[in-house]
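Take these sequences, add in the hints, and give me the full structure.
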Amino acid sequence: MRWRDWTARLHLPTLAVAALIVAVWWALSLRYGAYVLPAPPAVLAGLRDVVRSGEVWTHTGASLYRIAIGFGAAVVVAVLLGLLAFLSRLARGVVHDFLAVLNATSVFVWIVVSIIWFGLSNWAPIFTTFMITLPVVASNVVEGVAGVDRRLLEMGDVYRLSGRRKFTAIVVPSTLPYLVAGMKVGFGLALKVSVVAEIFGVTSGIGYVMNYSREILATQMVFVWALVMIAVMTLTDKLVFDTVSRRLTRWRT
Amino acid sequence: MKLEVSGVGKDYLIPVIDSVSFAAEAGEFVCLLGPNGCGKTTLLRIVGGIEPATRGRVMLDGQPVIADQRHQRRVGVVFQEDRLLPWLTLRDNVGLVLTPLELGAAERRATADRYLGLAGLAGFEDYYPGRVSGGMRQRAAIARALVIEPDLLLMDEPFGALDAQNRRIMQNEVRRIWRQTGRTIVFVTHSIEEAVAIGTTLVMLSARPSRVREQIRNDGRVERARLVDDLNTMIMEEVERQQGAGPPGA
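Quick note, the sequences are listed as chains C and Y, same order.
Quick note on numbering: the first sequence equals residues 1 to 253 in the working numbering.
Quick note on numbering: the second sequence equals residues 1 to 250 in the working numbering.
Heads up, a few of these hints could be off.
[Claimed, not checked] Cross-link-like lysine to any residue pairs, in silico, SDA-like; alpha carbons within 20 angstroms at most:
#1 C:K166 / Y:Y128
#2 C:K166 / Y:D92
#3 C:K166 / Y:R109
#4 C:K166 / Y:I148
#5 C:K166 / Y:L88
#6 C:K166 / Y:G104
#7 C:K238 / C:V180
#8 C:K166 / Y:L98
What the hints contain is simulated information worked out from the structure, not anything from laboratory work.
Note that the structure is a prediction, hence the values are computed from the model and not measured.
If you want it as structure tokens, here you go:
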């Protein structure tokens, strides 16, 4: 990427405001002390330490592993539900209603229930992530399937395309952008949710280590891990999802 | 392929088509004319087996056309909109309809390219529909209809979305393609000038519920200008009749 793209992307006014916030933060930290609000240099030093010790990889890796399973399963189930919704109008209505109920269910319900069901294990955050991201991804897929242009399907009928061909040539390409958009939102949600679920009962992951840092009064480490989380989120968004959606819609421009 | 439409009617909430009968020999270019809303598109869809008729039947070379039933005949349809898949190149759009014919990939590609060339799109095979003009998209849709070597080619106001100049060009193109391929064509239009310019048989439908008002052979024996005048008079009568009838139930 060229230098000019970077400067355009970083956007100077934003940087100015960020600098101002850091300055205010620093001033406040002097007033309230390291336990309440650690100073920016302490956070940077903490970040350097976890990168150097490799801790940043173990905990990020543990969180991403749980997300990969919970969120991955949610995507697979969402696609299957989409397929069902495509095959039957009746199923579409049922799926739609159930997703509305799931959407209305709080994260905390799933965290508590999964601790009861799975105990203090890896499966609690995985299950929570699955239940929270499923309705987001699935609603998108079902909406995409419902939005497939009937006129294109009729064209397929006129030219006697097989059911499979109509599915791969018409339904899948028109639904894919919806799936990717749903996955983008779902992944962000997965990261936020699984970290919360990690507070309970597991001994690795960003959520665990943040809570642990709080308990041992290392407030600067709470900030460090928050920064790590933001970095993971931003990077996957920019590198993975933006690239994929750009590639998928190449034909649009 | 010989086309016989006998006593075809269609009711939705109200009768739209009362009873329409006409016949066309193989290789004829039939233009369906009539006031707006008289069921021209519906009739075309019935002929193509896309929609069932309420009454009557359509025969192609003595075989009945029944909606939603698989048959051996090949029917190409050009819709009012191009109905191209925006995520496929023009070549892949045309090649797609060859997939049920069990050709190899290379042969599909070559055939698609040949018909795109016939439609004046040589050099644009790798373009996505969104990157070419509306006229070119409609040409690609025509190439797609022709590539299956249809026994019957149905066209539903295919140039409705085009400007006058492109329309004229496309009319000439279709006329040329028809002469080169000798397909039986049924072409719906609301433009009398268009019908007289390209059709060999003109079928004028009456106001709703429609019947055949007049079937005219356009073989040059009647002077074109006079034919256009006569048809204009007829269509105005029908339009008045339809409006005079008022909304159904009133």
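* **Hint consistency between C:K166 and Y:I148 [alpha-carbon to alpha-carbon, up to 20 angstroms]** => holds (17 angstroms)
* Between C:K166 and Y:L88, is the straight-line Cα distance small enough, at 20 angstroms or below? -> holds (13 angstroms)
* Agreement of C:K238 and C:V180 with the hint, judged by alpha carbon distance not exceeding 20 angstroms -> holds (13 angstroms)
* Taking 20 angstroms as the top limit, are the C-alpha atoms of C:K166 and Y:D92 close enough? -> Holds. C:K166 to Y:D92 sits at ~14 angstroms (cutoff 20 angstroms).
* Proposed proximity, Y:R109 with C:K166 (alpha carbon, max 20 angstroms) -> holds (19 angstroms)
* To do: With a cut-off of 20 angstroms on the C-alpha distance, tell me whether C:K166 and Y:G104 pass.
  => holds (19 angstroms)
* Would you check the hint for C:K166 and Y:Y128, treating anything up to 20 angstroms between C-alpha atoms as holding? => Distance of about 19 angstroms is within 20 angstroms: holds.
* Asked: Taking only the CA atoms, is the gap from C:K166 to Y:L98 under or equal to 20 angstroms?
  -> The hint holds at about 13 angstroms.
The structure meets every hint from the earlier list without exception.
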